[in-house]
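Number of protein chains: 4
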Amino acid sequence: MKYNFSITNLGKRLIKSPLNISNFTQDQKRLLFNTYSDNYLSCTDEKGQPLSVELAGPRDKIFFDPSQTKAAIVTCGGLCPGINDVIRSLTMTLFHRYGVKKIVGFKYGLMGLNPASAHKLINLTPEFVNDITSIGGSILSTSRGPQDVDVMVDYLVRLNINILFCIGGDGTIRAAEKIIAEVTRRDLKIAIVCIPKTIDNDLNLIQKSFGFDTAIEKTVEAIKSAHVEAKGAFNGIGLIKIMGRNSGHIATHAALAQNDTNFVLIPEVPFDLEGENGFLTILKKRIKSRGHAVILVAEGAGQDILRENISPMEKDPSGNIRLLDIGLFLKNAIEDYFKKIDLELNLKYIEPSYLIRSVSANASDSIYCNSLGQYAVHAGMAGKTGILVALMKDEYVHLPLNTVTSSRKIDSQDNIWLRVLETTGQPPSMKN
Amino acid sequence: MKYNFSITNLGKRLIKSPLNISNFTQDQKRLLFNTYSDNYLSCTDEKGQPLSVELAGPRDKIFFDPSQTKAAIVTCGGLCPGINDVIRSLTMTLFHRYGVKKIVGFKYGLMGLNPASAHKLINLTPEFVNDITSIGGSILSTSRGPQDVDVMVDYLVRLNINILFCIGGDGTIRAAEKIIAEVTRRDLKIAIVCIPKTIDNDLNLIQKSFGFDTAIEKTVEAIKSAHVEAKGAFNGIGLIKIMGRNSGHIATHAALAQNDTNFVLIPEVPFDLEGENGFLTILKKRIKSRGHAVILVAEGAGQDILRENISPMEKDPSGNIRLLDIGLFLKNAIEDYFKKIDLELNLKYIEPSYLIRSVSANASDSIYCNSLGQYAVHAGMAGKTGILVALMKDEYVHLPLNTVTSSRKIDSQDNIWLRVLETTGQPPSMKN
Amino acid sequence: MKYNFSITNLGKRLIKSPLNISNFTQDQKRLLFNTYSDNYLSCTDEKGQPLSVELAGPRDKIFFDPSQTKAAIVTCGGLCPGINDVIRSLTMTLFHRYGVKKIVGFKYGLMGLNPASAHKLINLTPEFVNDITSIGGSILSTSRGPQDVDVMVDYLVRLNINILFCIGGDGTIRAAEKIIAEVTRRDLKIAIVCIPKTIDNDLNLIQKSFGFDTAIEKTVEAIKSAHVEAKGAFNGIGLIKIMGRNSGHIATHAALAQNDTNFVLIPEVPFDLEGENGFLTILKKRIKSRGHAVILVAEGAGQDILRENISPMEKDPSGNIRLLDIGLFLKNAIEDYFKKIDLELNLKYIEPSYLIRSVSANASDSIYCNSLGQYAVHAGMAGKTGILVALMKDEYVHLPLNTVTSSRKIDSQDNIWLRVLETTGQPPSMKN
Amino acid sequence: MKYNFSITNLGKRLIKSPLNISNFTQDQKRLLFNTYSDNYLSCTDEKGQPLSVELAGPRDKIFFDPSQTKAAIVTCGGLCPGINDVIRSLTMTLFHRYGVKKIVGFKYGLMGLNPASAHKLINLTPEFVNDITSIGGSILSTSRGPQDVDVMVDYLVRLNINILFCIGGDGTIRAAEKIIAEVTRRDLKIAIVCIPKTIDNDLNLIQKSFGFDTAIEKTVEAIKSAHVEAKGAFNGIGLIKIMGRNSGHIATHAALAQNDTNFVLIPEVPFDLEGENGFLTILKKRIKSRGHAVILVAEGAGQDILRENISPMEKDPSGNIRLLDIGLFLKNAIEDYFKKIDLELNLKYIEPSYLIRSVSANASDSIYCNSLGQYAVHAGMAGKTGILVALMKDEYVHLPLNTVTSSRKIDSQDNIWLRVLETTGQPPSMKN
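Chains as they are written, first to last, in numbering that gives the first Met the number 0: chain C, 0 to 431; chain H, 0 to 431; chain E, 0 to 431; chain B, 0 to 431.
Please note: incorrect hints may appear among the correct ones.
For identical chains, the list gives no copy identity; a pair is met inside one copy or between any two copies.
Claimed, not checked - Quick list of in silico lysine-lysine cross-link-like pairs, DSSO-like style, CA-CA up to 30 Å:
#, residue 1, residue 2
1, 60, 46
2, 207, 287
3, 119, 284
4, 177, 46
No lab work stands behind these hints: they were computed from the structure.
Turn these sequences into a full structure, and let the hints guide you.
Quick look at the structure:
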């Protein structure tokens, strides 16, 4: 893939930053995209320089006049630990560091940008956001699915919004691109800055999405429970369905963090259900030899098997392909199989998703969200638009929205997957 | 109900207790069953004395010679926090305080008492049990359902078991009664002592079952999550199905411990689904006025409604009436109803059962289990049989097995239920 | 001791309770004080009836007219998990169940009852208290030490307070007695109802003080840490100083809840430091044979040794005898001793007190605090005064203030202490 | 500073790796040391190439024959969350991926490498290490301070150790350098690979040390407690002393993760105690205006003030300068100052160090430790020596031991420190 990491600026930055610091970040200071000694020159940009990415950070000159600026925040998609930390950081940085006093929150995701939904705006003040990090979820609430772009841009104009901060995933990034296209078409000076949110950690280019650390911690608890239940009964199986639409990042990391999992099934590594090398046969062997098993299945795993067995694909309001429920499917498939081979089975099914998505961020995620919010404000005030703020090679950078998409992140030859195989003892392939 | 609290002793106690203490408990020292100034004389026993219950505690003379005694432990039914604490306490007290060196554990509940199941006995030593309290579940594993009584008694005889400690619920207590009947018929000197286990806390006469405190702590986490999810979406509902077959003890206590629940549905308080005063109408009103709701439903609630709507009752291997799934039924009923009245709905369904049953005991339950195990050993060594060890009015007592059954424990006029109504704001009746 | 459990009523109860329930509690219904079959008749009251205690609960007739009533709450002494739960429950019960709308909180303990301190009153409303249970400490803050009684009563009169709820320990109960004496002398109709608070669980007659369960849970964490540190170094010792001025309840319960403690030192069981059977000799033996040790010392332990070695006794602002610091004293004594006998030592000293006192209540304590607040309101509205609300034999009762004092609660022959000896392996006596 | 990142190899790698993978790491593939577009060419190595660092990872050819290899592990210095995770990962990777069956652990740090200490070696097997990650500390225990190099090398030779894995901090790295010098002098083929351990996260070049994330989580709990205690009393101050000898990394990160801290004092930012701009004056102002304060002080802060006030510097057994206790010093200084200005003060002092160091790793640290152990084994088996395995720009690399030292990591112009100032509201300078 050929990337273009050029960043769009709304215009010349004429206003002196109110920040009283000495180490402003310069646009010219960029992070190399390839950083190995044998490849850093392999890709070049339009000027023939090694491909590089703009660093995030406060600029000494900014585009928006803080005293005149009105900022807005919207949160979209599924809940995820840390959203409130980002909201707090955005608000505090705008208010205390830049002196922006007009900050509003749209309620219920993009629905809130449609005035027809009649959801009131929330005034975001330091007092209002001060303690919100102890609560999970989003104080602005969220929704899934798109809204009419014209309607949303009309509303932004009517409200005199200068900067819109979007906290959301793949679908939200796509929606933000459309809003920018319309804003550009109308030649408006509205900056759109995204903070990527995906509990699945499945965005390409991005080192780690916020909330992921917390999700692993909670998933580990579910694994412990499944293990206790599996060992607590004769031929006991603990089956956990966990988040992971496109990528099994949560499942793999959780399996590495807690050593009791015996099978990890993820979207990236296809498997057969039946046949000599298929999952059910391997599972039977394990049960016969060890008397129990813990299975961790990412929601996006085995979709090919499901479609064969069930029905055609549908899309949900966000435009995501609606996943068929691999968890309940596997539960039934295992039960049927053990009945067929006449083996006693005690299967306990655990689906902890909402118990994970809803908790407040752990310390590591809190700090990370705090940073993301701060860098997003620096970008927005500087008039950067159409970007998202991300961590890459442990540096905060600006990425054009179109460079980032939800995608598979694990290859069956990746070190992390090899470590999972080693930890679980599951065979490298369960394909016939 | 007329109780008979006479305790059966296997025989005269001729052996001096090895315990080097000065405060042994005398059989004659009993706890009054009625302890109010206006009723303590209202019930009398066969000797015309106020009805009373035998106190648990070490006896100065014991029935079994520790050097010759072989004890066994079995754990039955669903997992529950604290089982391993009881196993540890039984083992440590037998070994260190009485000097009983032969202690075995049957694997997989009553299945383990059937030699045909070929499950190996576990040798229980202080080393083996020392650290088991940090793990949830039961190191002996469990199973549900009965086994042939003759076969079990034959096996106890073959193994030379003198005392059998049964950790289990209603079904296990009934099974223990049958074993005792057969043991008595054969004139064997085998003591059977039960430690009641029910995460639902639904046994009559008993102040609190072990694991209950821990279960409430974990349920509170689920309520917090449901609340975050409910508030996180437009017309959000968090619906939690929680344990509670016959009694809504867990649901009511958890609702009191965490103030975010709006509806508590329990087996003891019937409700209508439809109609002007029915649950769905009340729920709709709440959603319209407040935008979100948290519902906590005990698994045994609304069984009348389910049977009307679905199918006849069945029994599970333990002989319990198989409950129809009120959780999924309610989920569907709510979704259908909101679709019918054309109201947007975002319902998140949470079923945390195994995530609760499988954790290790909290400090309070650990201490309680430690006590129960110790008193059970004192009883068994004294030759008490057909009893269970229980907490009553904050004293440890011996209760004949036939006095204790699983039952509804909450009355709609009880203080605890009134407090739930007050906390949730739900109407006293949702019957038409 | 001869108890008199007569309860003082401010006057005839002429107002119908606004509670819409059917099961009011009658004054005549009392709980027997002695409930064993061989002693329930052993103590009698002034009427020759078996000694009994008044049950707590809502009365069908009440003394105060809710629409005219003004209630106040004050919290005194050290922090303890659950204070905010009690404040919330008092407020909610007064407001929602009785319709009392004027509820105020005094800031900073008894200081707040002295207008010279100029601390503003807090208006306690349902909105204000709704979420306070998630925070530790007291939203009213506390202080130690007495204030002038006349000044406080003058202020109560000036503010038109009808019921004063005092949440505090031994010192607060003594202060409340003085306020009542003055209120009575002036023939005022002000009810004083106490909710006993002591993290040490050291009040006689009372089954369990609130916050105690939570304190044990946190102490268990400290024991685990001390154990890890002790085993992590050669001849490692983990020494924990824990709360417990008069009674070692926390230390003993925590030692039972977590099996890694090797020595428990409490106020009730004196020990020698030196000499053949003294603590240091026993400790040396353990270190030589096992290489590590965990010691849990209650702050009130070994005060005799300290006084010999250091200085005369002083009193703190609450009138408590100021304890000399047994923790640091032991630390130094152990280090000196090991230096003297030339044995390597790695001692880690842990003092978790504030990390325990400051946490929010666990689920079990939350429910308990909720009950206590509710019963206190029922008592206050009925015009009961000079009482505290307490749990006794698992029933909520009213106790006259003068019957309750802080005291030693563990006897060296008590079952709980014997279990500690068994768990730790420490010798029954470390006296020469 | 001019770095030399050349890595020493014990010799030619002639043995085919037993790993059945396709993506081995080549020595030539290196990570650029400078990765900004304006500086990547600014430093060059001896060959005139941009300065770069060797990537960690499995090599296709290895130096040691697994069937003949004997590996050893030693853990040194203070405890830290995750040590057991590293030990487990080293053992599992050696055993299962390379087939090395002879793995031993030295007990008690470098003491264990001195046979005179007579500590038994521990045989490290998969069974032995399987569950150790649930325990805090080090199953090998640790010690501080050096041992004679000749003696240690003699012992390594006598035991036929081929690879020594050292888990430790600055002192351990220095000791490892001396062992390597002696090993080289004797021309022995023993590889020494370090896994850097410092809870303070104060090693230069290294992105994050293991255990740091967990330490922040626990420190956050202490901040919450200090905040509750500070607000719970009139003019309340919660003063926490936290780890951080050379760098205030823990203090700054914890302050960012939990927003209740008002003052953060770290080694990198000097302050005056007295005077108009001094800390005490600022503190007094805050107390007068807000009534409470939370202070977080890193143990290495204000050492200049202490030395002026107290005594000359000493060194501990590890050769670290023995820090004077800034926590107790500040406690006394604040108490004296408030007494002098006659202002009531309620100061609660909290020192949670051992409660933090001793816990087991959180999920994120577990995964990280798992990686570090694995990469260390790949390096050792390949015959790399005199290196440590580290994370740098989110890549695992090999660093020569002499490039890494403990150092100050925060500059008063760093973004992270500016964020602390913003969060706490403390003035940028408290120097007169």
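For each hint, the structure was consulted:
1. 60 with 46: within (25 Å within a copy, 41 Å between copies)
2. 207 with 287: This pair counts as neither: shortest intra-copy Cα distance 39 Å, inter-copy 39 Å.
3. 119 with 284: For residue 119 and residue 284, only the inter-copy Cα distance (20 Å) is at most 30 Å; the intra-copy one is 58 Å.
4. 177 with 46: within (28 Å within a copy, 50 Å between copies)
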